[in-house]
Every structure is written in structure tokens, then in C-alpha cells.
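Chain by chain, the residues run as shown.
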Amino acid sequence: MYKIIEHTADVGIEAHGKTLEEAFEEAAKGMFAIITDGSKIEGKVKRKIEIPFDRDEEILLVDWLNELLYIHDVEGLVFGEFDVKINDKLVGYAYGEKYDRQKHGYGMDIKAVTYHMLEIKRNKKGVTIKVLFDI
Amino acid sequence: MWSGPLNKIGEYRYEIPKTYRGINGNLKMRVPALIYASEEMLPAIRKDNAPEQAANVATLPGIVGRSLAMPDIHWGYGFPIGGVAATDAEEGVISPGGVGFDINCGVRLVRTNLKIGDLDRNKIRQLVDELFKNIPSGVGSQAKVRLNRAQLDDVLQMGARWAVENGYGWEEDLEYLEENGCMEIADASYVSEKAKERGKSQVGSLGAGNHFLEIQRVAEIFDENAAKIYGVEKDQIVVMIHTGSRGCGHQICSDYLRVLEQAVRKYNISLPDRQLACAPVKSKEGESYFKAMACAANFAWANRQMIVHWVRQSFENVLGRDAEELGMHIVYDVCHNIAKVEEHVVDGEKMLLYVHRKGATRSFGPGRKEIPKKYQQVGQPVLIPGDMGTESYLLRGTNESEEAFGSTCHGAGRVMSRHQAKRRWNGREIARMLEQRGIYAHPASWSVMAEESPDAYKDVSQVVNVTHGAGLSLKVAKMVPLGVVKG
Numbered sequence: 001m002y003k004i005i006e007h008t009a010d011v012g013i014e015a016h017g018k019t020l021e022e023a024f025e026e027a028a029k030g031m032f033a034i035i036t037d038g039s040k041i042e043g044k045v046k047r048k049i050e051i052p053f054d055r056d057e058e059i060l061l062v063d064w065l066n067e068l069l070y071i072h073d074v075e076g077l078v079f080g081e082f083d084v085k086i087n088d089k090l091v092g093y094a095y096g097e098k099y100d101r102q103k104h105g106y107g108m109d110i111k112a113v114t115y116h117m118l119e120i121k122r123n124k125k126g127v128t129i130k131v132l133f134d135i
Numbered sequence: 136m137w138s139g140p141l142n143k144i145g146e147y148r149y150e151i152p153k154t155y156r157g158i159n160g161n162l163k164m165r166v167p168a169l170i171y172a173s174e175e176m177l178p179a180i181r182k183d184n185a186p187e188q189a190a191n192v193a194t195l196p197g198i199v200g201r202s203l204a205m206p207d208i209h210w211g212y213g214f215p216i217g218g219v220a221a222t223d224a225e226e227g228v229i230s231p232g233g234v235g236f237d238i239n240c241g242v243r244l245v246r247t248n249l250k251i252g253d254l255d256r257n258k259i260r261q262l263v264d265e266l267f268k269n270i271p272s273g274v275g276s277q278a279k280v281r282l283n284r285a286q287l288d289d290v291l292q293m294g295a296r297w298a299v300e301n302g303y304g305w306e307e308d309l310e311y312l313e314e315n316g317c318m319e320i321a322d323a324s325y326v327s328e329k330a331k332e333r334g335k336s337q338v339g340s341l342g343a344g345n346h347f348l349e350i351q352r353v354a355e356i357f358d359e360n361a362a363k364i365y366g367v368e369k370d371q372i373v374v375m376i377h378t379g380s381r382g383c384g385h386q387i388c389s390d391y392l393r394v395l396e397q398a399v400r401k402y403n404i405s406l407p408d409r410q411l412a413c414a415p416v417k418s419k420e421g422e423s424y425f426k427a428m429a430c431a432a433n434f435a436w437a438n439r440q441m442i443v444h445w446v447r448q449s450f451e452n453v454l455g456r457d458a459e460e461l462g463m464h465i466v467y468d469v470c471h472n473i474a475k476v477e478e479h480v481v482d483g484e485k486m487l488l489y490v491h492r493k494g495a496t497r498s499f500g501p502g503r504k505e506i507p508k509k510y511q512q513v514g515q516p517v518l519i520p521g522d523m524g525t526e527s528y529l530l531r532g533t534n535e536s537e538e539a540f541g542s543t544c545h546g547a548g549r550v551m552s553r554h555q556a557k558r559r560w561n562g563r564e565i566a567r568m569l570e571q572r573g574i575y576a577h578p579a580s581w582s583v584m585a586e587e588s589p590d591a592y593k594d595v596s597q598v599v600n601v602t603h604g605a606g607l608s609l610k611v612a613k614m615v616p617l618g619v620v621k622g
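Heads up: the sequence lines are chains A and B, in that order. For reference, each letter of the first sequence is one residue, going 1 to 135 in the working numbering. For reference, each letter of the second sequence is one residue, going 136 to 622 in the working numbering.
Because the hints were derived from the structure by calculation, they are not lab data. Among these hints, one or two may not hold up.
[Stated by the list, open to error] To list a few chain A residues with every Cβ distance to chain B over 12 Å, as calculated:
#1 42
#2 91
#3 101
[Unchecked claim] Here chain A is said to cover these stretches of chain B; the calculated rule only asks that three of the stretch's residues, wherever they fall, bring their Cβ under 8 Å from a Cβ of chain A:
#4 148-162
#5 326-335
#6 430-436
#7 477-488
For every residue, glycine included, the Cβ atom is placed at its ideal position computed from N, Cα and C.
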């Protein structure tokens with residue numbers, strides 16, 4: 001579950017999951033919903049992402065989302081489904097397809113993921129992430 | 136709503152005193168903060184919380200003078216947009232947050248010898264469509280050329296010169312670019328593989344968001360003498376390009392935020408906001424960032440240079456005349472997201488400083504050695520882009536801007552989020568409204584039309600009038616759009 005949050009010049013995501021992994025997956029979904037204006041993304045291709053985890057969850061989150069943005073920018077892909085495991089490193093799979101302006105419409109060009117007001121909070125229901133993007 | 140102190144200390148000048156302790160009561164400002172604004176702008180500025188960010192910047196080690204904010208101030212990441220901070224070149228820090236993700240986002244103005252009477256609506260439409268065809272724009276836009284690694288390294292180290300040497304533009308162009316289109320300190324070995332990978336296919340692309348390319352008409356001249364020196368006159372057709380370093384610059388900023396985040400701990404710097412991450416200018420981390428940042432700046436100059444080449448080609452194709460014959464010379468090129476080493480006078484003493492401009496433009500006055508010979512008498516041209524459908528300005532730099540380390544505003548500044556704007560308007564309606572005002576728009580998408588609707592921004596003329604009144608830059612000419620290519 002995620003929702004899009006916004007401030008005058010920014011846009012961001014509040015993502016919720018039962019676990020940290022699920023919250024990471026939801027945050028990624030939210031990010032691509034912003035890029036593609038919430039349109040349907042089919043899982044035609046798969047990409048594997050590995051990121052070392054040195055105990056700072058906030059940095060790991062920013063690295064994860066930035067890695068996806070990098071693949072998006074270089075390969076022209078958009079992703080709709082994710083599968084994340086976090087142990088001593090993050091191993092994630094992203095499922096998506098080529099970005100197509102006709103099909104995916106046009107949301108926003110996200111330049112980067114920021115550390116600004118970044119939050120990862122835990123409560124009884126699970127993990128909530130708040131992250132802002134530079135657009 | 137921000138309720139801290141904003142003391143009026145002069146015309147258009149509001150100060151946050153050093154004694155302000157921040158919203159959490161524990162802020163330690165090293166210098167005061169100064170916001171340039173008019174009385175009418177204050178409610179909007181307070182609403183945005185950006186003054187707190189200007190106060191946060193004042194805590195950076197080695198900051199000198201004041202933490203400054205231009206009238207187009209709005210909430211950013213760490214630094215406010217419209218922020219200027221100068222740090223001591225020996226004892227100070229450098230911060231990627233003080234530059235922004237879009238390193239060397241900037242503006243270039245190209246003049247022509249065409250007058251409004253030379254182009255009818257149909258010709259303008261043809262020109263816009265031709266520009267749209269030749270200059271890739273929108274999300275994920277890829278340029279017409281794909282560079283190999285060696286070429287990209289050259290772009291990162293040579294900037295606009297690389298483009299000119301490879302047939303994109305004229306030798307004389309370089310003279311009319313800030314830094315002549317190249318920061319010499321650039322060293323491509325400090326740029327990650329990822330940034331290079333992103334850069335390869337994006338040199339010569341406009342990108343998305345608030346970036347644009349416009350065919351404009353000079354609507355009003357405020358300063359005949361300066362306009363003449365800049366080669367600008369009433370009813371002349373000019374072309375404005377607003378874009379930056381694309382994915383390459385974003386990646387460099389992201390990479391180094393990560394590095395400097397660690398440096399904050401290593402050098403024991405205490406910060407009120409993680410996004411203000413910085414390192415001493417003389418540290419390995421600080422020096423590395425600066426060399427990589429310069430690469431992104433060079434990338435942006437090469438990017439705008441290639442776009443100029445395709446702009447000239449588009450005009451040639453549609454009008455059937457040479458760009459030389461059309462007088463398509465560059466008036467100037469400015470960057471508004473950058474850090475530079477500059478000499479300034481602080482408390483009567485000459486100092487070497489790292490000047491961070493994040494959403495602010497250099498505004499050097501007459502006599503500064505950094506500006507072209509031709510402009511020595513009147514100061515450098517300052518280019519202020521409006522927002523789709525609104526006017527843009529050509530200003531001139533002043534020596535009074537020295538109190539702001541030779542800086543002025545950069546644009547309008549948002550007052551409404553992109554989503555709000557999208558909910559309120561429909562892109563096609565805006566296109567129709569622009570059409571009624573005689574402006575033809577060719578956006579990469581309709582939603583970006585709504586997001587970037589002119590009403591989502593502060594009035595650019597209000598911003599420009601404050602900097603004029605405060606003496607940071609003086610009005611020379613106003614341009615209005617005739618045709619727009621949107622990313």
C-alpha cells in the first residue's frame with residue numbers, strides 16, 4: 001500500500017508494508033506510479049538488483065530506489081512488481097517493460113531520491129516509509 | 136506556516152538574526168540569513184517554511200557574510216531553492232545540496248535578425264514542430280547521437296568546447312558562455328560508471344519537467360544602451376533554451392550525497408538536516424565532489440551547445456536561410472545550479488570563496504574579468520526564464536550584487552504542487568488558452584502542460600522587480616513566448 005504525498009515543489013511516497021521488505025516494494029511501486037501516472041505496467045522483463053546493507057536502512061532505501069531510477073534511465077524500463085529480500089544485503093527483483101509514452105502516459109520525470117525528511121517507522125501494523133523525490 | 140523572525144533591514148531585505156534558534160530551539164546559526172522579498176511576497180514565503188532552510192544553511196562550517204535567499208525562494212532539499220551560500224575556500228565546506236541534483240541547470244539565449252513581421256503564425260508553428268522533431272524532449276528522452284566512453288569523458292572535461300570541435304556550433308559561441316562553457320577543474324575519473332552510462336545517450340536532449348525551449352519576441356526594452364550592447368531590440372525574434380545536465384548530473388549528485396553523508400560523520404560536522412551533507416573544501420571528499428560536479432557542469436554546457444546547433448539547423452530547414460545569415464548568435468548562457476570558486480569582498484577584505492548558487496544566477500557587474508569583453512561596460516547578461524506561456528527577462532549584472540556574492544534570482548518559483556496543478560487544469564485547455572494568446576505549444580505530453588501551467592508559479596515579473604529594486608540585477612528587456620517546446 002502506498003500513497004502519493006506532495007508539497008509545493010516536491011512529490012513523494014508514503015509506503016506501508018507488514019515487513020521492511022514489503023515497504024521497500026511498495027515504495028518502488030509508488031515511485032513508478034508517479035513516473036507513469038499510475039498506468040498499468042506489465043511484467044515482461046526482470047532485473048536483479050543487489051545492494052550491500054551496512055545497517056543504515058535509510059541509506060539502503062535511497063540506494064534501492066536510485067538503482068531502479070538508474071535502470072529506468074539507461075534502459076528505458078518501467079517496473080510494476082517487485083520482490084525484495086533483505087539480509088546482510090538487499091536482493092531485489094523488478095518486473096516491468098519498456099516505457100511507452102502511448103501506453104504509460106506521462107507522469108513526472110523523477111530526477112533523484114532525496115534524504116530530505118526521510119522516515120522509516122515501525123509500529124504494530126508494520127513498517128511505514130516516507131520518501132521525497134526531486135522532480 | 137513559518138513564524139520565525141523576519142526583520143526588515145532595508146528596502147526588499149528581510150533578515151533572520153543569528154540569534155534565531157530554529158523550530159526545534161537548538162539551531163546554531165554562524166551568520167544571519169537574508170531574504171530578498173517585497174512586503175506582498177512575505178505571506179507566501181512564510182507559508183512555505185523555506186526561511187527555516189535559509190537559517191539551516193547558516194549553520195554550515197566556514198559560511199561567510201550571510202546565508203542568502205532570492206525572492207523566488209521556495210522549499211527545497213536541505214538548501215532552499217533560490218539559496219546562495221559562500222564558504223571560505225580554506226576553512227569552509229562544500230555541499231552538493233547547495234547545488235542541487237540538476238547540476239548546471241541553466242539558460243541560454245540566442246538572438247536572430249528576424250522581426251515579428253517576418254514570421255506569421257504558420258511559420259512559427261512549423262518552426263516549433265521542427266524543433267520538437269530535432270531536439271528530443273520528455274521523460275526518458277534520448278539524444279540523436281550516442282557517444283562512446285572516450286567521447287563522453289571528453290564531454291565531461293571539455294564541456295561546450297567538445298561540441299564546437301565536433302561540429303556543433305561556432306567557435307565564437309564559447310566566448311558568450313559563463314566560464315566559456317568549461318570548468319577546468321573537471322576530472323572525469325571522479326565520475327562513476329553509472330553517471331557516464333546515463334550521460335552517453337543524453338547529450339543534446341531537453342529532458343522533462345520545467346525545462347523548455349521557446350521562440351520568443353522581445354516585447355519591451357527597459358535599458359536601450361545595454362540592449363544595444365547585447366544585440367537585442369524590440370520585436371526581435373529570440374530563442375531561449377532552459378535545460379541542465381540530465382541523468383548524468385542527477386547521478387553525480389546522488390553518488391556524492393552518499394559520499395558526503397559519510398564525510399559528515401568523519402569530520403564531525405553537526406547538521407540540522409541530512410540533506411545538507413557537506414565536507415571541508417580541502418578534504419578528499421570535498422575535492423572529489425567539486426571535480427565531479429564540474430564534469431556535470433561541462434556536460435550541461437555541451438548539452439545546451441548541441442541543442443543550439445539543432446535550433447540553428449531547424450531554423451535553416453524551415454526558413455531556407457543560413458543560420459549565419461539569420462544572425463543566430465548567442466547572447467549569453469548562465470547556470471543557476473552550481474558551486475564556483477570566486478573572489479569577493481567580505482567586510483572590506485578580498486576573499487576566495489566557494490559560492491553555492493541553488494536556483495540563483497551569477498550577476499556580475501561591469502568590469503569583472505569573468506565576463507565577455509563586449510559586455511564589460513554594462514555587466515553580464517542575466518537570463519530569467521519564465522514559465523510556459525509567461526514572459527522571460529533579460530537583465531544585467533551589477534556591482535551592487537556583490538553584497539549577495541554577485542548573485543540574483545533565477546526564475547519564478549512554484550506556488551502550487553504539480554499534482555495540484557494537474558487536478559486543477561487540463562493540458563489541452565491550457566494549450567488552447569495559450570493559442571488564444573498567440574502562443575503555439577508542442578509538449579511531449581498534455582499532463583506536463585497542466586503541471587507546468589503558468590498559474591502554478593509566482594509571478595516572474597514580481598521576482599524580477601524585487602531584484603531590480605534591491606539592485607542585484609537591472610531590467611534590460613522582457614520577452615514573451617510565441618512558440619513553446621516542452622519536455
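These are the hints, each one checked on the structure:
The Cβ of residue 42 (chain A) lies farther than 12 Å from every Cβ of chain B, with a closest approach of about 17 Å, so its non-interface assignment holds. Remark: the non-interface label on residue 91 (chain A) is consistent with the geometry, its nearest Cβ contact in chain B lying 19 Å away (cut-off 12 Å). Separation of residue 101 (chain A) from chain B is inadequate, the least Cβ-Cβ distance of about 7 Å not exceeding the 12 Å criterion. Counting residues of the segment 148-162 of chain B whose C-beta sits closer than 8 Å to any C-beta of chain A gives 0, which falls short of three, so the coverage hint is violated.
Coverage of the segment 326-335 of chain B by chain A holds. Counting CB-CB distances below 8 Å, 3 residues qualify, and the rule asks for three or more. Chain A is given as covering the segment 430-436 of chain B, and this is violated because 0 residues of the stretch bring a CB closer than 8 Å to a CB of that chain, at least three being needed. Beta-carbon proximity to chain A at under 8 Å applies to 0 residues in the segment 477-488 of chain B; the threshold of 3 is not reached and the given coverage is violated.
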